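Protein chains in written order, with the numbering used here: chain D, 1 to 777; chain E, 1001 to 1154.
Calculated from the structure, these hints are not laboratory results. Since the structure is predicted, the reported quantities are computational estimates derived from the model, not experimental observations. A few of these clues could be false.
Claimed, not checked - Each computed DMTMM-like pair below joins lysine to aspartate or glutamate, with the alpha-carbon atoms no more than 20 angstroms apart:
1. D/K256 with E/D1031
2. D/K571 with D/E663
3. E/K1022 with D/E663
4. D/K200 with D/E576
5. D/K690 with D/D718
6. E/K1146 with D/E663
7. D/K471 with D/D376
8. D/K256 with E/D1032
9. D/K200 with D/D254
10. E/K1146 with D/E278
11. D/K164 with D/D153
12. D/K404 with D/D376
13. D/K231 with E/D1032
14. D/K231 with E/D1031
15. E/K1022 with D/D153
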Amino acid sequence: MRERDLNQLDRRSFLTAAGAFVVALATPTEWAEAAQFDSAAAAGVRPDRLSSYISIDRGGTVTAYYGKIDGGQGLETSVAQLVAEEIDVPWDRVRVVMSDTAQCVNMGGSTAGNGLRQGGIILRQTAAEARRLLIGLASEKLGVPASELTVTDGVVHFVSDPSKRVSYGELIGARPLDAPVEYHGEAQRLTVKVRAPLKKPEEFRVIGKPYPRRDLPGKVFGTLQQVTDVKLPNMAHARMIRPPVAGAVPLTVDQKSISDIPGTQVVWIRDFLAVVAEKEWNAVKAAQRLKVTWSESHPGFPGHEKLFDHIRNAPVVARSSDSNVRAAGASQERNEGDIEEAFRRAAFVLEGEYEYPTMSHASMGPACAVADVRDDGATVYTSTQKPFDCQLGIAELLEFPPEKVRAIWMFGTGGYARDAQGDATADAALLSKHLKRPVRVQYMRFESLAWDPKGTASVSRNRAGFDAQGKVIAYENITKSFSMEDCNTRERHPQDTLAGMALGHPLNWRAAFGTPGNNYQFDNAHWGWELIAPLMDRSSPLRTTHLRDPFGPPLMFGSEAFVDEMAVHAKSDPIEFRLKYISEPRDRELLAAAAKQYGWDSRPSPTTAQPGTVATGRGFAYRTLGGTLIALIAEVRVNRDSGVVEIPRIVVAHDCGLIVNSETIRHVIDRQIIWQTSRTMIEELRFDDKMVQSVDWLSYPVVMMPGVPRSVEIVTIDRPDQPASGAAEMACGPLPAAISNAVFDATGVRLRRIPFTPERVRAALARGPEQAVKASL
Amino acid sequence: MPQNLTLNVNGQAHRISVDDPKMPLLYALRDDLGLGNPRFGCGLGQCGACTVHVDGQAIRSCTIPVSLVANREITTLSGLGTAEKPHPLQTAWIAEQVNQCGYCINGWIMTGAELLARNPHPAEQEVRDALSGLICRCGTHNAAVKAVLRASKA
Ligand code: FES
Ligand code: FES
């Protein structure tokens, strides 16, 4: 339901109102089980009921309840394809309801690009199960064995005689029925087990086809109602007031300073400060004008220029090898053999460091949410990526039991991963509770950049030991960084939001980081990480969390640029060098596909000296994540005078198993490349000792038309016999290294710090090639 | 003192009462007229998310005072065309499947439509130049160029 009826009824009455009845059952035993389930229906959505995933109405329309979200990557469209395929109805007869906590089972919201890998497969399986049960009903009704029946467009008929038929609608009739479903785990670990087999690739009619995105017409014609557009009766508009120095809290508030702005009011609860108004513009003006005196605060931030020294020098507070980290499943550490012994044996040891800066999510629109808190419960309209966690966090904040809070996800202001949407939702909820009326909050541009939770800065340390024949015998990759979770990626508790921290909840820090994904096999290797303490113990504008592809660019920049350095040391072509250490056939095929598309000729980097101002080069990088494999080749033109690096061409080879939609996958990869180009060439959060200085699109520049790669060529490898492993963020990871490697190929100079701004490139070129090879001890 | 103004939006005249003539047009469109489609991205004229046409010219509605556009012809994305009667650029936009989140879309389509009105057959570089002041955080830049070129050939 894209153009949402905000006055929608609760799920159960909604189903009845729409004339919808859940799937009927096949065998007498299943009928009996169903009877028990019927009485449970009133309890709401449960993961052990088929009707919680799939329902069919009398007209034959199928509804799939997707407990995840679609950030604009085409998941709604693809999920409808999976369901249509398995249940055998036309694609446009499948409706998808996304992450309304009153209608969907919690599938963990969006995380790690697993929209199809996990949520999609659940709906595919339950759709297949629904089809099986419907055929069972038809078999009773038509008096033939199920094996003699098949389904076409929602009509069950004899294989041998399509005129002997009965439609899904007729089978269901007026009986609201249901079936049990075996499930395991919950949220992002939820899986189901059903008796129906999935269709085989050779039977696919819908999967793999380029169905057009369902959300696009509403966006293109300006009719899609997004979270920003929710208007409730008697709704007030709010703007938050943020301190000028991190950590400062309000001491006095001069309400008279806004008394001439009609209909305004200040809400001040502990350190939580906001203005509300009847009209949105008046809220904006009041927020700009409100006079507040703030407490003194000396956060003592290192500033973005000295940040990497701070990271290098700060004491380590947690490591990937710590037993508690391993026990919490947050380690991702990998060990092979005995690296120290191997390094001692090495004929040469090569070392390399790389720096990745702090970044804002810098979403297209500042976060927005609407909350309607009543005495007996609350509804929040939110664009958070984790609506079910948001529901829990809001319930705790408002002191309601979770079932009294309904979170309704809607398309929002853009943004990927854990941006500020959950913060805005908590702000709106707290304000609505206080004012006893619906409240809409939208952040301002400065808040979106300066106060969103940040992608962490890091320093990647790498070393490799070679034997006398040039073989790699020891390898180590350690990223030193802040945790990726100063602030939890799920807003499950008040302390995970700015509002909660303003009420006195401390920062909810957890040691969490990752290691680069790849399938290199070095005899002795160690992949790990070290964390330093957060810069502040409470609502810091520099608190860290997941930014899109959190285990990608910050980790892969160092690891994949260093593999390139290793290839240079070995005087080997960078792709051939990698292939020496990769045996996985899928990875090898992927690398070959990228090389072929590019027209790669085998030679070591750098290329032969190029006289003149502009030097051209090519760079390679590769990664794996959650079953998806990406190989990237970047071509660059480096202007030695200006330091401007142009990227005329990117080649992506992409293997994510089964391809559900052959078009949306290309779009999501193409757009990611431009997204990560911005983060590689331009973006870096600026801050001084007191506060973030990046407050608008001038002080936090992002890529615009002149900076985008002109040509992005995508080779997709379809593996219909494999699970769909996801494509939403994985192509970001290898891009920084591919570009850095290409600049090295062009110039013989290595770029070690993101972003590759013209000043940095000029400075690196002025320093010239480094002596990176160290003799071993 | 509240002041009454007439805003002509998408071919319809609206009488509104404003208490601040300096209020940006964006807030009148969204808040007073309930037109959701122009969006707040920055409020600083830096991104384009709030773009509308005023007398055929692409204008960033977050910075232009509402009093300056009274009685002029304002067109928003939803007035440019509809699913039943789409503007050629909207048709091309769907054909190229341009957007991801779509929050930036007003800037890109309204700026592209203005270009096509003044230059119906632009060269690729002219399209790139015309769209160079816009932000899209989902990276749809090249797809948008393709859509404008497709519409110019339609
Ligand atoms: S919102 Fe108007 S230009 Fe950004
Ligand atoms: S499509 Fe998301 S900002 Fe442009």
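The hints, checked one at a time:
1. Using a Cα cut-off of 20 angstroms, the hinted pair D/K256 and E/D1031 is violated, with the two alpha carbons roughly 25 angstroms apart.
2. Proximity of D/K571 to D/E663 is assessed by CA-CA distance (about 40 angstroms); at most 20 angstroms being required, the pair is judged violated.
3. Between E/K1022 and D/E663 the alpha-carbon distance is near 45 angstroms, which puts this suggested pair outside the 20 angstroms criterion.
4. For the suggested pair D/K200 and D/E576, the alpha carbons sit about 36 angstroms apart, so the restraint of at most 20 angstroms is broken.
5. With a C-alpha separation of about 50 angstroms, the suggested pair D/K690 and D/D718 falls outside the 20 angstroms cut-off, and the hint is violated.
6. About 15 angstroms separates the Cα atoms of E/K1146 and D/E663, which keeps this hinted pair within 20 angstroms; it holds.
7. The straight-line distance between the Cα atoms of D/K471 and D/D376 is roughly 69 angstroms, outside the 20 angstroms bound, and the hint therefore fails.
8. Between D/K256 and E/D1032 the alpha-carbon distance is near 26 angstroms, which puts this suggested pair outside the 20 angstroms criterion.
9. At most 20 angstroms may separate the alpha-carbon atoms for a hinted pair to count; D/K200 and D/D254 exceed this at roughly 69 angstroms.
10. A distance of roughly 42 angstroms separates the Cα atoms of E/K1146 and D/E278; the hinted pair therefore is violated under the 20 angstroms criterion.
11. Distance restraint check for D/K164 and D/D153: the Cα-Cα separation of roughly 15 angstroms lies within the 20 angstroms cut-off, and the hinted pair is therefore satisfied.
12. Proposed proximity of D/K404 and D/D376 is supported: the alpha carbons are some 7 angstroms apart, at most 20 angstroms.
13. For the given pair, D/K231 sits about 12 angstroms from E/D1032 by alpha-carbon distance, which is consistent with the 20 angstroms threshold.
14. For a cut-off of 20 angstroms, the pair hint linking D/K231 to E/D1031 stands: about 9 angstroms separates their Cα positions.
15. Taken as a hint, the E/K1022 and D/D153 pair is broken in the structure, with Cα atoms around 57 angstroms apart against an allowance of 20 angstroms.
Checked against the numbered hints above, the structure breaks hints 1, 2, 3, 4, 5, 7, 8, 9, 10 and 15 and satisfies the rest.
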